[in-house]
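Trainee: Residue numbers (UniProt numbering), protein chains in the order written: chain A, 1 to 417; chain B, 1 to 417; chain C, 1 to 417.
A couple of the hints might just be wrong.
A pair counts as met if it fits within one copy or between any two copies, since identical chains are not told apart.
Unchecked claim - Subject to a maximum C-alpha distance of 30 Å in a straight line, what follows is the list of computed BS3-like cross-link-like pairs (lysine-lysine):
#	residue 1	residue 2
1	K162	K128
2	K360	K162
3	K128	K395
4	K395	K138
5	K191	K104
6	K181	K104
7	K104	K395
8	K181	K128
9	K132	K395
10	K138	K191
No wet-lab data here; the hints were simulated from the structure.
Each chain, written out:
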Amino acid sequence: MLNKVSSSITTLLDERRAGHSLPAGLYTRDDVFEADVEVFFMNHWIQVGVECDVPEPGDASVIDIGSTSLILLRDDDNQIRVMRNVCRHRGSRLLDAGSSVISKLVCPYHQWTYELSGELSYAPHMGKDFDKSCRSLKPVNFRSIGGLIYVCLSDDPPTDIKRLEEVMEKRLAPYDLRNTKVAHQVDVIEKGNWKLTMENNRECYHCSANHPELCVSFVDLDFGFDPDSLSPEDRNEAEEHFALYAERTRGWEEAGFPSATVEQVRHCETNFRTQRLIISGAGESQTEDATAASSKLLGTMARKDLGDLHLWGHNSWNHVMGDHAVTSTAVPLSADTTLVRTKWLVHKDAVEGVDYDLDKLTHVWVATTEQDSELVARSYAGIQDSAYEPGPYSKFSEGALDDFSSWYVERMRAHGY
Amino acid sequence: MLNKVSSSITTLLDERRAGHSLPAGLYTRDDVFEADVEVFFMNHWIQVGVECDVPEPGDASVIDIGSTSLILLRDDDNQIRVMRNVCRHRGSRLLDAGSSVISKLVCPYHQWTYELSGELSYAPHMGKDFDKSCRSLKPVNFRSIGGLIYVCLSDDPPTDIKRLEEVMEKRLAPYDLRNTKVAHQVDVIEKGNWKLTMENNRECYHCSANHPELCVSFVDLDFGFDPDSLSPEDRNEAEEHFALYAERTRGWEEAGFPSATVEQVRHCETNFRTQRLIISGAGESQTEDATAASSKLLGTMARKDLGDLHLWGHNSWNHVMGDHAVTSTAVPLSADTTLVRTKWLVHKDAVEGVDYDLDKLTHVWVATTEQDSELVARSYAGIQDSAYEPGPYSKFSEGALDDFSSWYVERMRAHGY
Amino acid sequence: MLNKVSSSITTLLDERRAGHSLPAGLYTRDDVFEADVEVFFMNHWIQVGVECDVPEPGDASVIDIGSTSLILLRDDDNQIRVMRNVCRHRGSRLLDAGSSVISKLVCPYHQWTYELSGELSYAPHMGKDFDKSCRSLKPVNFRSIGGLIYVCLSDDPPTDIKRLEEVMEKRLAPYDLRNTKVAHQVDVIEKGNWKLTMENNRECYHCSANHPELCVSFVDLDFGFDPDSLSPEDRNEAEEHFALYAERTRGWEEAGFPSATVEQVRHCETNFRTQRLIISGAGESQTEDATAASSKLLGTMARKDLGDLHLWGHNSWNHVMGDHAVTSTAVPLSADTTLVRTKWLVHKDAVEGVDYDLDKLTHVWVATTEQDSELVARSYAGIQDSAYEPGPYSKFSEGALDDFSSWYVERMRAHGY
């Protein structure tokens, strides 16, 4: 007789073995999906966009997190605001998906009208005694960290985003992402659980066989390797790479560009990791030939050899280079589908066809994103199979997955599961 | 930890505040959908079609109410019959969706054959001892009220349909809907809960901004307004309209056309409201220019100035005018989808292209139906969002929604929730 | 108040009346679907393919049973093997659906590499202490019975497949299905529960009205009839047929071709029935004119008049004739969809266009399969309707359905329901 659906989420969490992938139900069950959305997307800080999604006053952009819809806008005082996209009358959506330019927020259903501050200023048919002051659009807690927008949908957001802020504001400053523009955006719906999307992103064990375009500029050794498996030549190559890495890091730090690894990945609420990585070959950018894609460098950058400033969150990954940045966010749509939204940012004054070629700019990560989507789907298909049992992570190159899965279990427990 | 799914339907009903829209779960939850179908579509009278769906003996039309399929047919004695579309052998559907002309009902699977009365007359392979008499097709309780077909799938149908019958038979008589034809039919699947479809239909607060075509002939003031919000000119206009309305109603009543509002909307099983409304402008019909679309008037009508005989049920709305009628029924398909079927009826002898132009006939309600479908989807999207909380109905123009939501809660409770 | 979803599966099983179709919930409910997959597809022997799906060493074919994926392959020693299509690392699928030719099984994700025996031979990044020996691909119990592949996904497979093996190895031997090739394959997704697919297959009561192509070669009398319903001419015809059937059976048996009915359909774990049926008309094959479709006969067959060696299992049906065989398997995809995969087998050396014409070979069963799919959908639609109640099986021509439904209830109970 079947009993697999009767085990509680707590039991599944208890079953998780250190150093191993999660029990199947944590990836596949609908009740776990609901809990994940509640815990990780409603009660933690998530990265959802960039300031340059709304460059001018009156610009608004809709961000959907499952059934939750947010309005990111820039008000008339040039300030960013984030509010819920739900009319306070009978709940209608105010803005459609995508971008708009607005002077006020007018609900299309019954014309309730809100200022860009969220304040309700007009509510026809409601009578003179109607108190508009308690019917403002609901505001959302947010932070812009170096131009990257993080929100927390809880009224009691984790305070340890402080460390992310302290570390990243300084690292991101010279790139001035607030003054970039979105040169390109791609949405991919991966056929897998969001945690598989994140696990896939946190290792490069799969890179050499699956990402030929990325491997031109990426050094997969940086993400761990098995020292005993190296041939004498490979061992020499590895030693040379790590010597170079130490030298470069020292140089970057001395030049005022913090580069060392900082991570907060267990026993914390806000999960992140940052590190400045060497770019291979021509050493400038994640392009087909590792040279810069945009001749107009970001912010105050005067050099192209500052590598790849890498930042992971629990639903995002970012690569910031001298000439452009690539930022990706993952949002679960169901237990078995995840939206991955990738944006390519260049200097706000860079002109397509003059300063940069769009194909060159996007080639590597368009390909990599499609390849990863295939891998996540393949992985999810197998995890749904009764033959799946949690497998061992490589201690050399999948340590970050063990951190992530362990942090996942910790956070679920902290939320009562 | 999540507890939203654990609250009972009873708790959701208890949470409903008077004067406000319903708690989200009553619109979105699958268990509520199942209960709604059971209570409101299996145990109340619902409007499902018109006699002229089956104008001739042997005509049959299939009506699907979710997973329930009904056969509406006209037998050889010219009598309407309604029965379940399920063979008594192994359950096969007898007729496909749409219309057929039949002399008997023969199951395509094993040729069990039923008379148009529903009686089983032939069952091959079942042996000489097989008792066919207890294997008739299951009959369905129905009423034809002025040619509008209502069914109740329960064996114990509400008796208070009596009042609807008494009121409407008389009002509908001069239009003789039994002798009309279906000139056009449109099915729209709205992306929202059926109760939002009905709420949308029960107010005209949204009309002026959303229904330009309908507003030519419709007076939205009739559906309520905020007196304090009117400018002096608008106030004059309103006063003139209501003076005219009183005068017309008196005139219509004196001429033998009952016109006053009759409603049975709370503390009852069968929910309805009827009223004769003024048509604006040319005053004849709900068309682009408010003139009649069909030169052959309905029934015994000799005049085009009898306004719009309006009838609402809990799953239907009807507009009966001198030259044509528009009748719409709503059937829930899932918590988040609702089928709205709209039919345009003209005199049975009216000839397309001679007596009426199909585009003129259908233009207003085709447009209005599409616009309403957009609004329902927009509303449903917001109600699924965790930012939604029940909002206040306008006491001036959303009183009918408060009645509807209150009646909904009453009827759910009466059925044990 | 609704209580239909609260009844247990056990209650539904208790409600089943002998001689009648099953209660609706056993066909429609999701929890029953999950139980069915567990009981009948994970814990019983099921037919899933044929040896000639993988004719050469290194050939592999993926077989999906819902979320379970199997690899059927032929190893370098020409032996058939069946294993689970799930990498032992993080669960990725190894092979995609369809056929492949392989020398090893390499996981595309991280290049874990398995021998054709399933043994893990290479696992990069896992370190020198990693024990590969406990990470072989999981093997699956299987039997090839006369070239038909049966698997059981349980570790404790039913032992009474012995009788099927004893009976069928001998009957199938002269056809040598191991040395055939798949000339054609058709997948149909039927819109109905898998048990309706099987019930439809186990009676020919529906044949005369629905399968004109099949009825050229099939004698529906063989599947039962009501003697009292026959006209004198039909009675004569039936008597002649059964006299011929007795004579032929005697002749076949004497010539060394076992032909009598053998069935194991109640009070058993492995459900099957076999019988050699007369082919009508030209008497050779299930084609449009009942003549052989392939001039190269199967195996060691020297004659075309050996009728149709028929074999049913609980998820399969097979017709083996002198010139070709047709084999169909049913796999449930959800409560309301079932995959039916049909293969046409001819002698491995038969050449299309020379020895056989593909249209002639496939015409009858392509048509019959489509017709059955329509009937199953029609039947399932009605069973979802609240008007459905279990109906009586014909005692003359639906006895095999009563056996099947009774065995279904027995097996569910044996598994704790």
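Trainee: All hints, please: hold or fail.
Mentor: We went through each hint and held it up to the structure:
no. : hint        : result
1   : K162 - K128 : neither (45 Å within a copy, 41 Å between copies)
2   : K360 - K162 : neither (36 Å within a copy, 65 Å between copies)
3   : K128 - K395 : between (68 Å within a copy, 11 Å between copies)
4   : K395 - K138 : between (45 Å within a copy, 24 Å between copies)
5   : K191 - K104 : between (38 Å within a copy, 27 Å between copies)
6   : K181 - K104 : within (24 Å within a copy, 48 Å between copies)
7   : K104 - K395 : between (54 Å within a copy, 26 Å between copies)
8   : K181 - K128 : neither (45 Å within a copy, 48 Å between copies)
9   : K132 - K395 : between (58 Å within a copy, 15 Å between copies)
10  : K138 - K191 : between (32 Å within a copy, 25 Å between copies)
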